[in-house]
Amino acid sequence: EAQVTQNPRYLITVTGKKLTVTCSQNMNHEYMSWYRQDPGLGLRQIYYSMNVEVTDKGDVPEGYKVSRKEKRNFPLILESPSPNQTSLYFCASSLETGAYEQYFGPGTRLTVT
Amino acid sequence: GQQVMQIPQYQHVQEGEDFTTYCNSSTTLSNIQWYKQRPGGHPVFLIQLVKSGEVKKQKRLTFQFGEAKKNSSLHITATQTTDVGTYFCASSGAGSYQLTFGKGTKLSVIP
Chain A
36 EAQVTQNPRY LITVTGKKLT VTCSQNMNHE YMSWYRQDPG LGLRQIYYSM
86 NVEVTDKGDV PEGYKVSRKE KRNFPLILES PSPNQTSLYF CASSLETGAY
136 EQYFGPGTRL TVT
Chain B
6 GQQVMQIPQY QHVQEGEDFT TYCNSSTTLS NIQWYKQRPG GHPVFLIQLV
56 KSGEVKKQKR LTFQFGEAKK NSSLHITATQ TTDVGTYFCA SSGAGSYQLT
106 FGKGTKLSVI P
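Chains A and B supply the protein sequences, listed in that same order. For the first sequence, the numbering used here begins at 36 and goes up steadily by one. For the second sequence, the numbering used here begins at 6 and goes up steadily by one.
It should be emphasised that the hints constitute simulated quantities derived from the structure, not laboratory data. The structure displayed is predicted, hence computed values, not measured ones. Yeah, the Cβ is synthetic: ideal placement off N, Cα and C, and Gly gets one too. Mixed in with the good hints, there may be bad ones.
As the list claims (entries may be wrong) - Computed, partial: chain B to chain A, Cβ under 8 Å:
no.: 1; residue: N36
no.: 2; residue: H47
no.: 3; residue: P48
no.: 4; residue: F50
no.: 5; residue: Q53
no.: 6; residue: F93
no.: 7; residue: S97
no.: 8; residue: Y102
no.: 9; residue: Q103
no.: 10; residue: L104
no.: 11; residue: G107
no.: 12; residue: K108
no.: 13; residue: G109
Put together the whole structure using the sequences plus the hints.
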């Protein structure tokens, strides 16, 4: 089954404790991205990747890191989480660029206290 | 990324009434995508429009792309409770790898 998986689905952590949210897709997609969703603000792109070892900043990259060492995986790293990073995070992938249909993962609800 | 403004933010309708959400941009859009997110779920792709003046239909849903490619609309005829959710438009600029989403329209359907 074609899908995008994210782990963990829920995470409660404390300020400053490094964490990684994993994202994996099995569709051989080149383009992957991370979004955060906050009430009233919609979906905002954090980072995106056009292919292996090629990443670029989205609209809200501060406080986040990403890497794309393999085509299928695109982890999101929070080196020192802060309460303003409490949000619902979605990973997405598409065939090539953002101009193609995005397939979203189930989401990761992160709470930073 | 380029800005896409979506209105209204919320819409409450009686079951059977029609619903429309609008997406507007001050710049020409190369394409427009529409997504639906059910409560507690993730966004799911509905459709993509790329041509000026394009109209596409999916059962009770009608999607339009403006002649100037600066606006788009999603119209649902005779809403049902299964239509509940938030509808997002999204677009990427010409030559851009970035996809920008509107803030969404949350649809509630009163049975």
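Structure versus earlier hints, numbers of those that do not hold, lowest first: Structure breaks no hint.
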